[in-house]
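There are 2 protein chains.
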Amino acid sequence: MGERDFIAARLAPLATTAAARGLSDDAAVWSPPLGRDLVFTHDVLACGVHYLPSDPPSDIAWKLLAVNLSDLAAMGARPSGVLMGLGLSIAEDDIWRAAFADGLGRALRHFGVALWGGDTVTGLAQAVLGLTAIGHVAPGKALSRNGAQVGDGVWVSGTIGDAGLGLAIARGKATPDQRLLNRFRRPQPRLLLGQALVGTATACMDISDGLLIDADRLAQASGVGIEIDLMAIPATAAASDAERLVRATAGDDYELLFTAPPGVDLAAIGGNTPVTRIGTVQAGAGVQIRGEQGALPLPERLGWEH
Amino acid sequence: MGERDFIAARLAPLATTAAARGLSDDAAVWSPPLGRDLVFTHDVLACGVHYLPSDPPSDIAWKLLAVNLSDLAAMGARPSGVLMGLGLSIAEDDIWRAAFADGLGRALRHFGVALWGGDTVTGLAQAVLGLTAIGHVAPGKALSRNGAQVGDGVWVSGTIGDAGLGLAIARGKATPDQRLLNRFRRPQPRLLLGQALVGTATACMDISDGLLIDADRLAQASGVGIEIDLMAIPATAAASDAERLVRATAGDDYELLFTAPPGVDLAAIGGNTPVTRIGTVQAGAGVQIRGEQGALPLPERLGWEH
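Sequences listed follow chains C and G, in order. Residue 298 in my numbering is what sits at position 298 of the first sequence, and the numbering runs on without skipping anything. Residue 1069 in my numbering is what sits at position 69 of the second sequence, and the numbering runs on without skipping anything.
Just so you know, these hints were derived from the structure itself, not from any lab. Careful, some of the hints might be misleading.
[To be verified] To spell it out: a stretch of chain C is covered by chain G in this simulated footprint if at least three of its residues, at any positions, have a beta carbon under 8 angstroms from a beta carbon of chain G; those stretches are:
{"id": "1", "segment": "36-43"}
{"id": "2", "segment": "77-84"}
{"id": "3", "segment": "223-233"}
Each residue gets a CB set at the ideal place from its N, CA and C atoms; glycine is no exception.
Work out the full structure: start from the sequences and follow the hints.
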């Protein structure tokens, strides 16, 4: 099946809104909601780099959408539509492509997001999948990394390090556990939490490369220091300090990391998504960590450095 | 230079508008112009497929931007911003990356378009470059492929087939000619013409895969037939019928193909961009061609079928 047939048979049926024009025009046309700022992100997943060739195609489609929606969540935005740039190799055969499109359709429906357009290119040496997500937020209210204030609490959503454990399982290096595998393959962008944080959080970002390295980036962007209590980091199971450090540098969490004034009660802000205070914004620069026995040296590797 | 250093040193200096937030947040934030529809497109260029590894990096950056702006032109839209997904291999070394970024900066300034964000991934087997372009148009006025009416004139901008000749030159298979080479490597999106056609053209698209195949697609989308006079197709130099057919199937023109009611005088609509009437919309289906001796059989290959 060529590019055009794939688009007509598999992707056009997913592009059901008027904006997409049935994928038959040169571009999509959308009337944005009145009085809202628009939020744009574009992330790329490459086969063998961001996912494993053996990952199910429907999970790859989920992840491609989810990691981009996670960026919108980090800005406090509500998603509207996406454009997709699919670069495929011969390894992504018709069966793979059909399963990818099925999974994409389910993911779009799950998140209530429209497929507006894009491009498909075949015959590449390696699959490279890009997606642009467009969302909206109240004017001037988008969250940012640069507003953390000394004295703010530092918070995360969900549990940290699960995706790293899931990756080890996917590689056959750990005991199978479907929940942890799904945490790697099917991340849950924290869209409702991000929207709830608008007007409350002083800074926010999503954790993609590892809690410590991303906290370091947020601290740098805000011109502050961040102290994290290693024992407070929410984890799926009890763990030693060393194991906690691994989880805090594993990446692929797609949880939100945010700061908020110390007096604000955030216990219920995430609805079904638990949020946990893990540290404090301090004067200074960069991230520091404390363990059960007091200050801990930073590990050499804070997370994924691209 | 790693991904992060490349972004900080080469791309962030190009992202000068507030919307980009210095490329330091998870997404871009933009206040759209009031009372306009937004137009979105995403095209991918792969090394060895859409451009040659030997093409100058600054020209590749130009082409990546230009082919996407050409889609906006086809909709009658004015461009605002872009997001870029760069997948790079080891072949795109620091020198290549610097030259690409320089060329991108020049192209962005030339077209008055802002870099809002994106993603860079290295270590791929082959360079794969995606770009999302966002523009705007008067509400309900975006051009489309599906409005051609029986009796309309069929028009093109510029000259057709130059890029095909330029590709032959780039491959060392034809006598060097910088102007034709530039027509392949540095296409000129017909933005002002596209905007001028809003309210006048009944259908419009850009010619990327070849005049004949794209005319066939416009005819299909509109549910009409299109007859093209081979001798009327504007070309850089005199040519035989056979040569004209080659040019009409060569692709990469990025000229506009459009239809307009027969009585409308379009001579001056393109400003400095010449427009030429090349045929007529008829009842029927698909594209037909006439040569000096009357009706001609369609060539087996109408253009690039992806």
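Hint check:
1. 36-43: holds (count 7)
2. 77-84: The restraint on the segment 77-84 of chain C holds, since 4 of its residues have a Cβ under 8 angstroms from chain G and three suffice.
3. 223-233: violated (count 0)
Hint 3 from the list above is the single one not met by this structure.
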